[in-house]
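**Student:** As you go down the protein sequences, you meet chains W and C in turn.
Reminder that position 21 of the first sequence reads as 21 in this note's numbering, one-by-one numbering, no gaps.
Reminder that position 15 of the second sequence reads as 15 in this note's numbering, one-by-one numbering, no gaps.
Think of the hints as simulated: they come from the structure by calculation, not from any bench.
All of these numbers come straight from a predicted model, not from anything done at the bench.
Misleading hints may appear alongside valid ones.
[What the hints assert, rightly or not] Mimicking DSSO-like on lysine-lysine, the simulated pairs with C-alpha atoms at most 27 angstroms apart in a straight line are:
#: 1; chain 1: C; residue 1: K60; chain 2: C; residue 2: K17
#: 2; chain 1: C; residue 1: K60; chain 2: W; residue 2: K11
#: 3; chain 1: C; residue 1: K69; chain 2: C; residue 2: K27
#: 4; chain 1: C; residue 1: K56; chain 2: C; residue 2: K69
#: 5; chain 1: W; residue 1: K57; chain 2: C; residue 2: K56
#: 6; chain 1: C; residue 1: K68; chain 2: C; residue 2: K38
#: 7; chain 1: C; residue 1: K51; chain 2: C; residue 2: K27
#: 8; chain 1: C; residue 1: K69; chain 2: W; residue 2: K11
#: 9; chain 1: C; residue 1: K38; chain 2: C; residue 2: K17
#: 10; chain 1: C; residue 1: K38; chain 2: C; residue 2: K64
#: 11; chain 1: C; residue 1: K36; chain 2: W; residue 2: K57
#: 12; chain 1: C; residue 1: K64; chain 2: C; residue 2: K51
[Stated by the list, open to error] Cβ-to-Cβ under 8 angstroms is the rule here; a few derived chain C residues that face chain W:
#: 13; residue: L43
#: 14; residue: E55
#: 15; residue: E59
#: 16; residue: A78
#: 17; residue: Q95
#: 18; residue: K96
#: 19; residue: L97
#: 20; residue: Q101
#: 21; residue: G102
[What the hints assert, rightly or not] Pair ranges (Cβ atoms, derived):
#: 22; chain 1: W; residue 1: E28; chain 2: C; residue 2: D66; range: 29 to 35 angstroms
#: 23; chain 1: W; residue 1: E52; chain 2: C; residue 2: S7; range: 16 to 22 angstroms
#: 24; chain 1: C; residue 1: Q2; chain 2: W; residue 2: D63; range: 23 to 29 angstroms
#: 25; chain 1: C; residue 1: N22; chain 2: W; residue 2: P8; range: 32 to 38 angstroms
#: 26; chain 1: W; residue 1: N18; chain 2: C; residue 2: E55; range: 44 to 50 angstroms
#: 27; chain 1: W; residue 1: N18; chain 2: C; residue 2: S57; range: 15 to 21 angstroms
#: 28; chain 1: W; residue 1: Q100; chain 2: C; residue 2: T62; range: 20 to 26 angstroms
#: 29; chain 1: W; residue 1: N51; chain 2: C; residue 2: T94; range: 14 to 20 angstroms
#: 30; chain 1: C; residue 1: I12; chain 2: W; residue 2: L39; range: 14 to 20 angstroms
#: 31; chain 1: C; residue 1: S7; chain 2: W; residue 2: K14; range: 27 to 33 angstroms
#: 32; chain 1: C; residue 1: K60; chain 2: W; residue 2: L55; range: 36 to 42 angstroms
#: 33; chain 1: W; residue 1: D63; chain 2: C; residue 2: N108; range: 34 to 40 angstroms
#: 34; chain 1: C; residue 1: S10; chain 2: W; residue 2: N51; range: 39 to 45 angstroms
#: 35; chain 1: W; residue 1: Q84; chain 2: C; residue 2: T94; range: 15 to 21 angstroms
A virtual CB, placed ideally from N, CA and C, is assigned to each residue, including glycine.
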Amino acid sequence: DTGVSQDPRHKITKRGQNVTFRCDPISEHNRLYWYRQTLGQGPEFLTYFQNEAQLEKSRLLSDRFSAERPKGSFSTLEIQRTEQGDSAMYLCASGTLSNQPQHFGDGTRLSIL
Amino acid sequence: SQELEQSPQSLIVQEGKNLTINCTSSKTLYGLYWYKQKYGEGLIFLMMLQKGGEEKSHEKITAKLDEKKQQSSLHITASQPSHAGIYLCGADGTQKLVFGQGTRLTINP
């Protein structure tokens, strides 16, 4: 069990640029989740996949955000035309059933200049 | 939508002292998870509670879910520097977790 892996750990970019984050879940987990966490707050749900199907998206996920999990393994989260308000920690988690714990990666911290 | 309120938001205790963190839900809890987070890092799973009145312990940390399943508490006995961090409660929402705002715990030597 190598745990959930996220890359990069830190991303600094200029406003208006596009960024992409990657998440590699625990191999036997069929569910993958993306959350966003701002300073002093708990994580907020963005979206989740069961295998390759994206089953739910939060209202927080504007049109500038897109997530994929093409082969039901790793996932990418892309933010287009980044804005100042996108600065946050983006956390990925994986799991099996809905009533079982989700296991989190170390996150990608995004800073918008 | 379900909301979780944690109290206190911040806690400073002397090493060796006991402490309690509370998590109150606006709706019945069907699954309650406690996580710990160190600054700038991901969440580490601590415990899961599902049944009213359930109590679980791991090392010096005990978590309880009340009978009515709308409140949970996390109790640390004889706190150590390694207990410092942010403690988050999370509830089973519809196919996702809903989190409280977190409690920042500082342990003073």
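**Student:** Confirm or reject each hint.
**Tutor:** Verification of the supplied hints:
With a CA separation close to 12 angstroms, the supplied pair K60/C and K17/C stays within the 27 angstroms bound. For the suggested pair K60/C and K11/W, the alpha carbons sit about 37 angstroms apart, so the restraint of at most 27 angstroms is broken. Distance restraint check for K69/C and K27/C: the Cα-Cα separation of roughly 9 angstroms lies within the 27 angstroms cut-off, and the hinted pair is therefore satisfied. Between K56/C and K69/C the alpha-carbon distance is near 15 angstroms, which keeps this suggested pair within the 27 angstroms criterion.
Note on K57/W and K56/C: the hinted pairing is violated, with a Cα-Cα distance of about 33 angstroms set against a maximum of 27 angstroms. Restraint check: the Cα-Cα separation between K68/C and K38/C comes to about 31 angstroms, which exceeds 27 angstroms; the hinted pair is violated. Distance restraint check for K51/C and K27/C: the Cα-Cα separation of roughly 15 angstroms lies within the 27 angstroms cut-off, and the hinted pair is therefore satisfied. Restraint check for K69/C and K11/W: the C-alpha separation of about 40 angstroms exceeds 27 angstroms, so the hint is violated.
Taking the CA atoms of K38/C and K17/C, the gap is about 20 angstroms. The hint holds against a cut of 27 angstroms. As the CA atoms of K38/C and K64/C are separated by approximately 22 angstroms, the hinted pair is consistent with the 27 angstroms bound. In summary, the hint linking K36/C to K57/W is supported, as the alpha carbons are separated by about 25 angstroms, within the 27 angstroms threshold. With a C-alpha separation of about 10 angstroms, the suggested pair K64/C and K51/C falls inside the 27 angstroms cut-off, and the hint holds.
A cut of 8 angstroms between beta carbons decides the hint on L43/C: the least distance to chain W is about 4 angstroms, and the hint holds. A cut of 8 angstroms between beta carbons decides the hint on E55/C: the least distance to chain W is about 17 angstroms, and the hint is violated. Restraint check, E59/C versus chain W: the minimum CB separation of about 17 angstroms is more than 8 angstroms; hint violated. Contact between A78/C and chain W, as hinted, is not supported at the beta carbon level, the nearest pair being about 26 angstroms apart and thus beyond 8 angstroms.
At a threshold of 8 angstroms, the smallest CB-CB gap from Q95/C to chain W is about 6 angstroms, leaving the interface hint in force. At about 4 angstroms, the closest approach between the beta carbon of K96/C and any beta carbon in chain W falls short of 8 angstroms, and the interface hint on this residue holds. Annotation: L97/C was flagged as interfacial toward chain W, and the flag holds, the nearest CB pair being 6 angstroms apart, inside 8 angstroms. Hint status for Q101/C relative to chain W: holds, with the closest Cβ pair at about 5 angstroms, below 8 angstroms.
Interface restraint check: G102/C against chain W, minimum CB-CB distance 5 angstroms, threshold 8 angstroms, status holds. E28/W and D66/C have their C-beta atoms about 34 angstroms apart, which keeps the hinted 29 to 35 angstroms range intact. Separated by about 41 angstroms at the C-beta atoms, E52/W and S7/C break the suggested range of 16 to 22 angstroms. Taking the beta carbon of each, Q2/C and D63/W are about 26 angstroms apart, inside 23 to 29 angstroms as hinted.
For the pair N22/C and P8/W, the beta carbons lie near 36 angstroms from each other, so the given range of 32 to 38 angstroms is met. For N18/W paired with E55/C, a C-beta distance near 48 angstroms keeps the hint of 44 to 50 angstroms intact. For the hinted restraint 15 to 21 angstroms between N18/W and S57/C, the CB-CB distance of approximately 47 angstroms leaves it violated. A hinted range of 20 to 26 angstroms holds for the C-beta pair Q100/W and T62/C, which are about 21 angstroms apart.
For N51/W paired with T94/C, a C-beta distance near 18 angstroms keeps the hint of 14 to 20 angstroms intact. Separation of I12/C from L39/W is about 19 angstroms and conforms to the stated range, judged on CB atoms against 14 to 20 angstroms. Between S7/C and K14/W the beta carbon distance is about 40 angstroms. The supplied range of 27 to 33 angstroms is therefore violated. At roughly 38 angstroms, the beta-carbon separation of K60/C and L55/W lies within the given 36 to 42 angstroms, and the hint holds.
Distance hint check: the CB atoms of D63/W and N108/C are about 47 angstroms apart, inconsistent with the given range 34 to 40 angstroms. Checked against the given bound of 39 to 45 angstroms, the beta carbons of S10/C and N51/W, roughly 40 angstroms apart, stay inside it. In this structure the supplied range 15 to 21 angstroms is violated for Q84/W paired with T94/C, their Cβ-Cβ distance being about 31 angstroms.
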